[in-house]
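S.K.: Using the hints, put the two chains back together into the complex; each one sits in its own frame.
In case you want the letters, here they are:
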Amino acid sequence: MAKNLRWKVLVILGVVALSVFAFYPPGEKIRLGLDLKGGVHLVMQVKTDDAVRIETETASDRLREALRTAIPGATVTVSGPTEFRVDNVPPDQDQAFRALLVDIEPTFNRTSGAGSYTLAMRPNIANQLREQAVDQALQTIDRRVNELGVAEPVIARHTAADQILVQLPGVTDVARAKEIIRSTAQLELKLVDQGPFSDEAQARQAYGGNIPADLQILPGNSEGARTAAPGTVYYVVRRVAAVTGRDLRNARPSLDDNNRPAVGFSLNSEGATRFGNFTAANINRRLGIVLDNRVYSAPNINSRIDNEGIIQGSFTNQEVADLSLVLRSGALPATLTYLEERTVGPTLGAESIRAGVTAAIGGLLFVMLFMLFYYRIAGFNAVTSIVVNLIVLLGLMSYLGATMTLPGIAGFILTIGMGVDSNVLIFERIKEEMRTAKGVKQAVAAGFDRVFLTILDTHVASLIAAAFLFQFGTGPIRGFATTLTIGLLSNVFTAVFVSRTMFELVLSRRQVTKLSI
Amino acid sequence: MDFLKNPNFNFIQWRWHALVLSLVVVLSGLAVIVTRGLPLGIDFSGGTLIVVKFEQEVAEDAVRSSLEAIEGDKVIQPYGDASEHEWLIRLPQVAAETDIEQGGQSVLNALNAANLGEYEVLQRDSVGPVIGRDLQLKGIYATLASILGITAYIALRFRFAFAIGAIAATLHDILVTVAFLAFFGYELSLNIVAAILTITGYSVNDTIVIFDRVRENLRSMRREPLELIVNKSVNQTLSRTIITAGTTFFAVMALFLFGGEVLEGFAFTMMVGIVAGTYSTVFIASAIAIILGGKQAKGRSAASTTKAAPGGRKAS
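Chains as they are written, first to last, in the numbering used here: chain A, 408 to 924; chain B, -16 to 299.
In isolation and in its complexed conformation, chain B is listed as follows (with noise of 0.2 Å):
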């Protein structure tokens, strides 16, 4: 069975309106993020979370006044199905020197005094301000390091300037996610910070499975102009694009959908991620490594007697 038999989309031939739709997109996102700011999860910015499971249905009102007494900007809301009776209580960072502990114990000792019923406390996290600055700043090491890493390695394997087409791809889609997790009001958490590394493997992933078409076309194709090879290549693969991201974008979605509360906001993530990865390998890499490595590609066939080397290695 196929989908698509020889597909033959002239994907080049719209690399600058792509470029410019996800100029759009990434400008209106860093927007989103500038003027909304990016909410911080406490794993970054410190403080308080309990999620409490009361054993009977209790009033939204009667769970908000019993808080009243305790300072700071608190959010109060009911977790997961509503039949759960289950509610999330988060404390914002307190000063360095406090004792992280109390904020939870106000909160337990609030809830009993209001006799709102018995309750068992699910889940309880509190991460002082120490351990928020460290998390942050592995957070954004981990994400560099490894676009890093894999930049090298894709420079060692193919061209510098595929190099730079998958890193500008991978760095369009961890832009194009985050802008999204902040419009839909999904707060940076460690799992997210998780889900947005796949992510970097996954674009990188697609990206180098054309770019390896590329590779093995520019040895076969070698008067071609290097335009119609990769368009050449996007298309040959662009089944195996389609049926992978869809796969995948499914099965991500049974986790969205069955996978609980707490791998909810990581499967969105990655559900953001498939779509703009798949989208970015198509478009951006190939333009992106098109325009850098067009003055390569005219000298080397100006000089056709050199050959690609192995590997297509970079040729110059």
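Looking at chain A on its own, in the form it has when it is part of the complex (with noise of 0.2 Å):
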């Protein structure tokens, strides 16, 4: 054996061993996508407008509190996500006004009429907050699907700038892992200033018909309902909360008083500095514990209160739970909503891999008969390229982390067609030298040179559109590009280096006048 040749054999031997050492064994090396795994993908956009509205929220809040004793008479209306105007200011406080307005207007931009003045938040600075919100939207959900315990998750920013993919494979309880990864889980700790009453007008009565602008009306569950739907009463509570979810140090199941389910929560220390100070400010009134809006209990302040907490409410042992976990987890910064769902059980899952696996084997199978039946024994040579190429696109696979999909298993069975075609490129073209009257050796030397530009030129043109196609596609199609891009990236190497080397190794054996092709 030439030593040029020797070399070759040891290098297809080397890559074959690698490439089996890579995906074996299968089960546990190959990385299955969710239509064969099983499992939920989720695409969701985030309500930015949501971020953005509390800043606007917030700053009119402080302003408004600003103005109650700088100028009584002039009113705050918040009038959009970005926008508010403040009313009748006097013309002869107009100094005065602006005066209060350094610390606002780096963020928003003021345009005056008579009295009125319109602040609006400048673009730069909202487009920062709708990012912000978004990758905070994206750590949060990330934390939440960690403590899940989720194996592999996709957790990633989608096609447009305010969406969100997240990608679970294996989760067989998806309402449950949509309801965590959703819940906005805002805690607020809120002083009540009246309630409950049954229903707002009620509460909005009580007031005289009007609702002061530093309190609003929040639904709450109704102390002591223990039924699957507990009824809903009305408490009017301070706008600004003395404690919220962002000073939390943990929250962990716990029991209330008369061991039913609660979530216990304790606060950094920060937190429990305000929160002492508060409780001890109000004792006898009622604190509010309020989840997204909503008044959970509304307990009697005894004492002075550090640091700890409790949440109660009609909860089951799973409910307390995921409360935890999302209040853990921290709060959403905005509101989210489902684009697009795919779930996958995992029935399906394994009836498509059993499916596919029968139609790849089948399709192999075939191919493989009709090869050594139309050529004989280099027939041979074509089934152990086109096994190579198999053994080469599934090594590469695992040591690429690359996934594994339905439609990618359909890009296994054209791999196979790719195979052959270039086998029979090959072969067709020896055949054809053969019939000019050249010895066997120079046939099969100019059948691999001549066809070795048409088959660059085929691959090429395949690989444009796998490129597009990877491109294109989320999941199961970017698994079909991938297979069918390694595909054919090993098949050049072992339709031309592979066959060709067996070829030559025949022939440098013994002098060869007959082809058997």
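In short, the hints are calculated from the structure, not lab data. Check the hints yourself; a few may be wrong.
Per label pair, the in silico range of CB-to-CB distance [unchecked claim]: (1) B:D82 <-> A:N684: 35 to 43 Å; (2) A:N700 <-> B:F166: 25 to 33 Å; (3) A:A567 <-> B:D82: 17 to 25 Å; (4) B:D82 <-> A:E464: 24 to 32 Å.
Positions of the beta carbon are idealized from the N, C-alpha and C atoms, including for glycine.
M.R.: Here it is, written out as structure tokens:
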């Protein structure tokens, strides 16, 4: 055997060994996509308007507070997610009013009319807030999914700036996962001014029909209700929260005085100081424990409380565990809406694997038999190079951590087709060269040489199509594009290099005058 | 073993017939699409699709009547093998503002209420209008971009006329395939767009093999007319064309028969595409290359001292 040839054989054996090592055992090494493993694929939209609105409301609240003493007649109204209006500023107070705006003006643009001002958030600030909201939402979801213990989740930005993609393989309780991801979990501790009332109108009446601007009406759970759907009552609470979820240090499942499941929480040092002062100043008033704008309970403040609290409600143990989880992972900065949801049950996944593998093996067997029948001995050559191609494909896929999907299995079958095509091209060319009465060796060499450019051109063209497929697709389709791309690359190696080496191996041993092809 | 020894068919002589035949197929396909509309799957149209598997056999009427109360144009059909008791339920797109989960939930609630026995949700897809439109645009963009990319590559490696021929053949294949899909009532889904893009690659693949041979023959048969060279090249590669198309077709047929419901549409698309691709490679691509390249070829033989550029790039 020529030295050159020996090296080629060693390279091929090395590649095959490495590939087998990379994907064996396939059950563990090959990553399965959602469509084969089962799981859920979610695309959601972050309502970034929420985040912007919160900033606008906070700024307007602060200004209202300041105006109350400085310019009592002035009114502040929020007129949109990014703007609010100040009316009834007397002309002679103009200077004083502008002085109050010092803190606000870096964020808001002021336009003035007669005694009225419109404050609109600067566009770059608004964009920045929207960006931050999406980033924060990504991080929060990431923490929640981690706590759920999902293996190999995907949490990433999606096509549009405000879209997030979440893929949870192997999750069976999809409804629960969705609830955990989506719950805003905005915890606020607010002073109850009056309440509870049985409906909103009554609450309004208690204030002579008009709720003061620093108060708000919130729905709440009626005390003592232990039915599945607790009755709703209404509380009038302070708009500004004493403590929010940002001050939380921890949240965990706990029990209330009656041994019912509840969520216990503790505050960080800054929050504890504020909470201590707040409770000390409001002894014998009621504290509203507000979660996502619903008052869960409104206990009486009996004494100064520093850093501990409890959220009561008609919770089950599961609900308590989930609520602790979302509180720990932090509040979402904005609400989420689902744009796309795809769930594949584990049964269907298993069924798909079976069907896909059956089809792939069926296709492979057919192709092999045909090649052996049509090309005889050279058919062995083709079959070997196709099998090596599939081994290299599997090896590269597990090495690169690429995901196998159902269309990916279809990509496998097409790779078999491409492998056959390259071999057929070469073999037909060799036959043709032999007809022009050259020696076998020369015919084989000429066959490979002439066809090489063709194979290169066809593969590049297919790779161009595969690249756009990859760009275009998510999940399953991307799996198809990956398999196809890797298959095309490894096919150039097997059809040209492996197949040729095998021919040379046979031809180097003895003088061949007739080729079985 | 050989199917064909030195085939010598005069394909080029039939080029006008072939063009007319293709035009008829494509136009009638377009007519089907225009009259029946191109059926869009939920990937593109939005909506909800649920596949449930009952533990026991359930009568079709029972499933239908249990879902009667749900509004909109719903599709209820048995899915897969009858012995599996699987049903596919599809709801149309709801208004933009409503929650996309509602549709699916209402189906499950209705099934629970009707007491049809234990069932398992195999698959549940809900696609909102935003994503549907997004995917539509992306699908069109990906198809056009890959066609453009391949055209550019062929124009670079061969002549511009060849690129036009290859692209005409590819567009022909896409149109024929979509026409067949519409005719057989397959819905356009992500998987099917993937299959169409694969057909693009495959069709061009086939065409390139012939063009490569034309390029090679142009060097050795410089004095022959282009028509003769193209015809000879088609014949020389004919056995390869048939064997490859045949084996790939049967491999995809395995997918169609055993690949399960999810891949059936994909496999069907591929099968149609392979047949259309083989036909268009032999008849359409080369015919257009000759019709468009004729002038160039004449110019070339008149000034036969000008060498065909290496790699056969556009000589003018």
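S.K.: Are the hints correct? Go through all of them and say.
M.R.: Taking the hints in turn, this is what the structure says about them:
1. Taking 35 to 43 Å as the suggested C-beta distance range, the pair D82 of chain B and N684 of chain A conforms, at roughly 42 Å.
2. Checked against the hint of 25 to 33 Å, the C-beta distance between N700 of chain A and F166 of chain B comes to roughly 54 Å, which is inconsistent with it.
3. Taking 17 to 25 Å as the suggested C-beta distance range, the pair A567 of chain A and D82 of chain B conforms, at roughly 19 Å.
4. Our hint of 24 to 32 Å for D82 of chain B and E464 of chain A holds, since their Cβ atoms are close to 25 Å apart.
Hint 2 alone, counting from the list given before, is not met by this structure.
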